[in-house]
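Based on these hints, arrange chains B, C, D, E, F, G and H with the ligands on the given structure of chain A.
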Amino acid sequence: MIQDIPIQYFLIVSTIMFFVGICGFLIRHNLITILMSIELILNSVNINFLVFNKYLFPNQLQGNFFVLIVVAIAAAEASIAIALFINMYRMYNNIDVENISEMKY
Amino acid sequence: MTNDQLKEKISEWVSGIEFPENKQYLEVLVPANSLKKLAELLHNTPETDFDYLISLSGVDYVSHLAVVYHLESTSHKHFLVMKVKTEDRENPNFDTVNEIWRTAEWYEREVFDMFGIKFNNHPDLRRLLMDDDWVGFPLRKDYKDEIKMIER
Amino acid sequence: MNSEYLVLFFLLGVVLVGGAIVFSMFVSPKSTNFAKSEPYECGIPVKSNAWIQFNVGYYLFAIIYLVFDVETVFIFPWGVVMRDMGMTAFIEILIFFFILVTGLLYAWKKGALKWV
Amino acid sequence: MDFNIYDFTSFTKWVDNALNSSMSPLLAIIIELIIIGLVFLLFYAIVGLLLVYAERKVCAVIQNRYGPNRVGPFGIFQTIADLIKLLMKELINIKHADNFLFNLAPFIVIIASFMAIAALPFAKGLQAIDFNIGIFYLFAVSSLGVIGILLAGWSSNSKYSLIGAIRSGAQVISYELSVGLSLLAIVVFAGTMQLSGIIESQADGWWIIKGHFPALVAFVIFLIASTAETNRGPFDLAEAESELTAGFHTEYSGIKFAFFFLAEYMNMFIVASIAATMFLGGWMPFHIAGWDGMNAIMDYVPPIVWFFGKTIFVILMMMWFKWTFPRLRIDQLLNLEWKYLLPLNLMNIVLVAFIVLMGWYIK
Amino acid sequence: MGLNQLMFFFLSGLILVFSILTVTSRKILRAAVYLLTVLLATSGLYFLLNYEFMAAIQITLYAGGIVVLIIFSILLTSHISHKFERPALANVIAASLTGLAGSFISIWSIMKFPFNASTEPTLDVNMKEIGMQLMSTGHQGYALPFEVISILLLAALISAVIIAKKGN
Amino acid sequence: MKEVIQDIIIRNSDDYIINMGPQHPSTHGVLRLELSLQGEKVKYVVPHIGYIHRGIEKMCERDTYQQIIHLTDRFDYLSAHMNNEAVCLNVENALEVEVPERVKYIRTILDELNRLASHQLWWCAFGMDLGALTTFFYGLRDREVILDIFEESFGSRLLHSFNTPGGLMHDIHPNFQKRTKEFIKYFRKKLPEYDQLLSNNVIFQMRTKGIGYMSKEVAISYGVTGPSGRASGFSCDVRKNHPYSAYDKVDFKEILDTTGDTFTRYKLRIAEMWESMNIIEQLIDNIPEGDYTAKMKPIIKLPVGEYYQRVETSRGEMGVFIISDGNKFPVRVKFRTPNFANLFVLNKIGSGNKIADIVAISGSLDLVIPDIDR
Amino acid sequence: MGIKIKSMKNEDFLDNSTLETLKETGDNFFLTTIDDIVNWGRSNSVWPLTFATSCCGIEMMAAGASRHDFARFGIEVYRASPRQADVLVVAGTIVHKMVPILLRLYDQMADPKYVIAMGACAVSGGPFFYNSYSVLRGVDQVIPVDVYIPGCPPRPEALLYGVMQLQRKIKSKSITNPNEVEEK
Amino acid sequence: MNIFKYFGEIFGAIKSLWAGMRVTGYYFIHPGQIVTQKYPENRKTLKMTERFKGEVIMMHDENNQHACTGCGICELNCPNGSIEIITDKITNEAGKSIKIIDKHIYHLSMCTFCELCIKTCPSDAIGWGQEYEHAVFDRHKLTKVLNHPGSSLRKKPSKEPNQE
Ligand code: SF4
Ligand code: SF4
Ligand code: SF4
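Chains as they are written, first to last, in my numbering: chain A, 2 to 106; chain B, 105 to 256; chain C, 42 to 157; chain D, 127 to 489; chain E, 970 to 1137; chain F, 22 to 395; chain G, 2 to 185; chain H, 13 to 176.
Accuracy of the hints is not assured; some may be wrong.
FRET-style restraints, in silico, Cβ to Cβ [unchecked claim]:
id: 1; chain 1: D; residue 1: N219; chain 2: H; residue 2: T57; range: 46 to 54 Å
id: 2; chain 1: E; residue 1: V1061; chain 2: D; residue 2: F226; range: 39 to 47 Å
id: 3; chain 1: F; residue 1: Q59; chain 2: D; residue 2: T138; range: 35 to 43 Å
id: 4; chain 1: C; residue 1: Y147; chain 2: F; residue 2: W295; range: 25 to 33 Å
id: 5; chain 1: B; residue 1: Q109; chain 2: F; residue 2: G231; range: 52 to 60 Å
id: 6; chain 1: F; residue 1: D346; chain 2: B; residue 2: N107; range: 22 to 30 Å
id: 7; chain 1: F; residue 1: G347; chain 2: H; residue 2: E74; range: 44 to 52 Å
id: 8; chain 1: E; residue 1: G1071; chain 2: A; residue 2: V71; range: 43 to 51 Å
Result set (EDC-like, lysine to aspartate or glutamate): computed pairs, CA atoms no more than 20 Å apart in a straight line [unchecked claim]:
id: 9; chain 1: H; residue 1: K59; chain 2: F; residue 2: E173
id: 10; chain 1: F; residue 1: K230; chain 2: D; residue 2: D457
id: 11; chain 1: H; residue 1: K56; chain 2: G; residue 2: E158
id: 12; chain 1: C; residue 1: K71; chain 2: G; residue 2: D112
id: 13; chain 1: F; residue 1: K375; chain 2: D; residue 2: D224
id: 14; chain 1: D; residue 1: K336; chain 2: D; residue 2: D418
id: 15; chain 1: F; residue 1: K270; chain 2: F; residue 2: E238
Derived by calculation from the structure, the hints in this document are not laboratory data. For glycine and all other residues, C-beta sits at the position ideal for the given N, C-alpha and C.
Chain A on its own, in the form it takes in the complex:
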């Protein structure tokens, strides 16, 4: 645990980050921005994992491994998502959510 900083501080930061991500998810139409919002959300989750690990179970490493796995999945997801976006862009010349309905695959 960290001197002088209660666990709630970290949690508040991650919570706000999480909901900012949700807001971004809702208000933007551009797929890349939506992807960025998702990254924000995942990131806030990661903070939580680590903070819980640090404050509540300091003699274990589970939190760390979960973060590792989340990051790996995030990377895989991002790479496929971007492949899709760029393909969409090549077809429709823009990448807004509206076009998803037209996608063939």
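Chains B, C, D, E, F, G and H with the ligands only, in chain A's frame:
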């Protein structure tokens, strides 16, 4: 082929051909309307085989405008100068030969740029060396430009 | 105890660049004309505004990179313990590499590594 | 080797104690930070200027000429003159460009190199941060610089810079992998990622000697990949003069441009010192196990000299590359990475693991 | 105020400000740069927590990998003059209400919940430990996830290649 | 019926156009190339010329024949001597003046020296285009030695105006033979270094092999001459086909190759350098004694008629076409310059390659822009 | 009062009178120490733009090559982008078609910028002064020129000499009163 | 792909790269090969060749006399008008009115060093000067008057017959 054989052959192909006097080499003066035909024949006939257009120049003889083609055959090594002329200074035009010798495309653009001679069916007849908005044809003998040209 | 050092070095960069730019802004001469603020293209006024017709190669490599980057991250902890763990770690990494190389070979075969 | 006359740990401890005893801990640490900051700022500037000068001289000699020799003795003030001039040069702002990002790009490039310097071990105890993941940290921050290049290229609204930026993006991220994997070979040998630990493990011989063949392969791959990662030498496609005029920094003028210039040289310094640390023993003197007499003599050379000597050696190698080879084309560049370096690297790591498993390296 | 707190407030301030900027910026590349700042600050938090490996991973994968990829795709797909439309007001209000309500509820419950910090001795997180656990097959071993992730990545690679090739 | 070679550029309004030049390090002057890009690939190349069109042909119409000489220096400034010679030979032929043997020998030697200097400059510029910066300095270092020889005899390094109708301006300097021989010895040692540094380098070979292929038909139809044409198997060496000066007295090979890619064009020029040294060595010791100029009237008037003379410059066939009406000024002078035709082929062999290849290809054509624009 | 250039005396330079009048009209006869430092930096690091139109460009290249080695004067870094260049060496003929481009390049250079007219063509039109319809007769008609180097082409030494003249001119300027930005 | 070919390629590549590095490396460790001449330092010893074309000068002897008769042939022959002859009429001792040179104006800024004027001058009055440092700040400084002030025509051109 020797020059005489060439002469014979060419006068066989097209009528109205003249052979002006020239010390160095064989010269033919072609009427403008049979230029394309002669050029094609010269290029495609295996005995003549003029496949290399060395140079294409415009000339202003004051009395008339002319275009001079220097031709060579890479296989037979013979040399020929082909010439066309026109008296029309306002709107001179000839057929293009750029499908026969590709290099002619730019040479013709240059002649157009410098002498104002137009080439029918040329794919891209724009000014080559001068600006697009340049007025006049600089290499003509009657070209004058008091501002840009200091004469001596 | 390390984060303050990191922030310090971060700030050093900011101070160096920021300071120099601000200083330079005050002392350097200024003049404007029309052409100066135009983008440079060998002295020709920029005309076409079409967007770049990009190439699949550009981002395909980026995507493959991301995948491999994750793998690299995972191998590093392995590297540390390889000496201590011995055989187990060796076998695990062989499996891991086998899968990884399959991916690489697949991409290779598919022509994803070829620049078109 | 417990006793080392050139150990800086005691010195830093002493500074720490002196400050702590005279003021409050918070103030003490802030003052400490400021001192460190100033030292590094100075260090950064001096190394950058010297490297620029060195490169000019080296290329001059390679090319049968003198290089700068009229400003000060042997022209050593040449880069200072350049610096003054660049500082006094106008900063041009481009119309239609994204000014915020345009100005941000040099920050990112410089910050990335500063972050890397934080973890470099210059001598025993002379290291700002000794992470236990040291080398991995360096690997991590070295991937940040490319963002600056991408931003610079995009925000200048110029075709040349955009092409340069995209090229360099594809290039840097590709070679990042090879850099990481070739470093991993040494991590496997040393069994630790802590830089000080890695250096200690080379007390009886450098890894390039102890690890013989695979370490040599890793070293060569690291040299190639890091040259590419710093956009230098035969891999300077992002700023290929003869193709893209000045590449991604075409539109930058004055001091902003100078920072890109500086960052290139600092990155070169950083990768060279990583190479020196990982493969050539860092500040560790040249030791051969058993030859105690020679080892003792070697110990008298200060570690900082060893460190900089090795770094300069690697830097010279990189300059030598740059001034010898023609530039690669973008597809060949990526081919080299994906079809040659990466597979070789993976093979090499398996080989290293095998050698470690069997204990066939020189202990 | 201790140095730790100072650092924490600095970093979390960065995170909050820039994450809000990320979703509100109308220029897409700027949004990506803001996101980068958020991620870097997060890794600063990890450093503060003494999870250095996680922090470095955060930099490598998020900042150096995903953000670079995002920027890359932005470079390829959008022009510098491009700006987002301002989103519809109703949309904004709805989204921010959701966000506010959600975060209020969560924060409230966080404040309510009695976290009792563990008194167990803190494990010194060094790389050896992480590596051992990651590679070991026994109890608390993560060897299986380790291999599974490689398969996940293989799948991601293959699908990305297929998708990208399909465009041609 | 022979096949017709066509490559009309079809421009599209939404092509991604990027301008290379007029101010660009790799266009060697003020050539402007309009590249249409698709990613890194170039769809077509439109060369724009005229940024250094100086109206020399017009100026010639108001100059005497002696005065024309100094203008000819200035289009292909790297083969200044050959350009001079073309005009001089033309005037001499028209007047039927027999120039002394000594002049012929000296002219031939100077031609070859000039060709060497020009190829050296091309080599270093080509290396620099491909990013090998050191070649620039090595090439120019060796070139300086030739320039020193020139300067001793002509008083200037680059544009010497040393020919005059009927002969030469001065006799060669007494040191000329000695220094030329020294140079040949020196350069025979240095030329293999060029190979080690660049020709054998894998990176260089990867960059140039198989790039910018030009077939023999294309070369002839586009009138690509000089080393670029000969690399495609177009036997166009004027020195061999229509010998002038002392070329009929020396024994030399016309170097031909049929591969026609960028690397062949490169290799061919290196081989030409060896051949040039052979030619010089054959002549340098046998320069006959005699006058350095034929007797000429101070005011030259060509008889009425049209005259054409071809010489081989370092870039290809150069022709001078003079029309005279018997006055001291010509009616029309037309220079057929090699680079004009050589540049036009760029789109044909360049489109479909990458930006970097365009740089390599245009470098291998060895363009001198004022020679195109005149 | 002379301006010091390493290894060459003030009296050895031509055209000192113009320099003196320049200083007097610029009412900055007294240069401050800061001026000295700044001018030292500026004059010792003039990076040229790679801009060569014809024959003179070859001599400019020769001046950069091993024998003459431009780099000794700190002029090493040829910049291909006008943003980073300090001096525009007009080496070669400028024709009317080129004038807009030359102007644009000059405009795009960052201040302070200098122009050297190298060769007869750039100084006055040179060999193409008479009878040519397309040559600009001297670049000083369109952009302000700092140093004129005659010759056709000038020897590399002449260019180096011209560069030293430019350094002298730079050293005679003051930052508090930079010579007026000439409009053209 | 053939695995041997793969490694063979790598090996060949390294060998060829090493060949190039040997060349540059050789020069790096042999600074004696440097060919640079230090220009402003070697000004004293730097001599141009005797035929060097620096600028056109008019030869004056110790009595400040030259050989130019003011015939104007050089002006006529100069392709680009770099020479202007301004003549003056004076009456000589014999009472005859003759033409002498007043100003032989030479535009260095335009001269192309073609040597025609020197070649054609019937009295060999002009020749090449060795000066090459011409750079000035003011273009008008490049217009020179070749005959020195107060100089006069040499009485008897007592020299070998003209080469031409
Ligand atoms: S001054 Fe002479 S050498 Fe220079 S560009 Fe003009 S013609 Fe060429
Ligand atoms: S050298 Fe030529 S250009 Fe110069 S003054 Fe004499 S004739 Fe005129
Ligand atoms: S210099 Fe010679 S040619 Fe010219 S005016 Fe004098 S005497 Fe006549």
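- Do the alpha carbons of K375/F and D224/D lie within 20 Å of each other, as the hint requires? violated (29 Å)
- Query: Is 43 to 51 Å right for how far apart the beta carbons of G1071/E and V71/A are?
  - Reply: Since the Cβ atoms of G1071/E and V71/A sit about 21 Å apart, the hinted range of 43 to 51 Å is violated.
- Between K71/C and D112/G, does the CA-CA distance stay at or below 20 Å? Holds: K71/C and D112/G sit about 7 Å apart, inside 20 Å.
- Starting from the range 44 to 52 Å, see whether the pair G347/F and E74/H falls in it by beta-carbon distance. holds (49 Å)
- Under the criterion that the straight-line Cα-Cα distance not exceed 20 Å, is the pair K59/H, E173/F satisfied? Status holds; Cα separation ~11 Å.
- Query: Would the pair K56/H and E158/G pass a check requiring their Cα atoms to be no farther apart than 20 Å?
  - Reply: holds (13 Å)
- Query: Taking the beta carbons of Y147/C and W295/F, is their distance inside 25 to 33 Å?
  - Reply: Cβ of Y147/C to Cβ of W295/F: about 50 Å, so the range 25 to 33 Å is violated.
- Sort out whether D457/D lies within 20 Å of K230/F, counting only the CA atoms. The given pair, whose Cα atoms are some 14 Å apart, holds under the 20 Å limit.
- Cβ distance range 39 to 47 Å for V1061/E and F226/D, holds or violated: violated (23 Å)
- Message: Between the beta carbons of Q59/F and T138/D, is the distance compatible with 35 to 43 Å?
- Response: 58 Å Cβ-Cβ, so the 35 to 43 Å window is violated.
- Assessment of proposed distance window 22 to 30 Å (beta carbons of D346/F, N107/B): Since D346/F and N107/B have Cβ atoms about 25 Å apart, the given range 22 to 30 Å holds.
- Query: Given the proposed pairing of K336/D with D418/D, does the C-alpha separation stay at or below 20 Å?
  - Reply: holds (18 Å)
Violated hints, listed in ascending order, are 2, 3, 4, 5, 8, 13, 15; each of the other numbered hints is respected by the structure.
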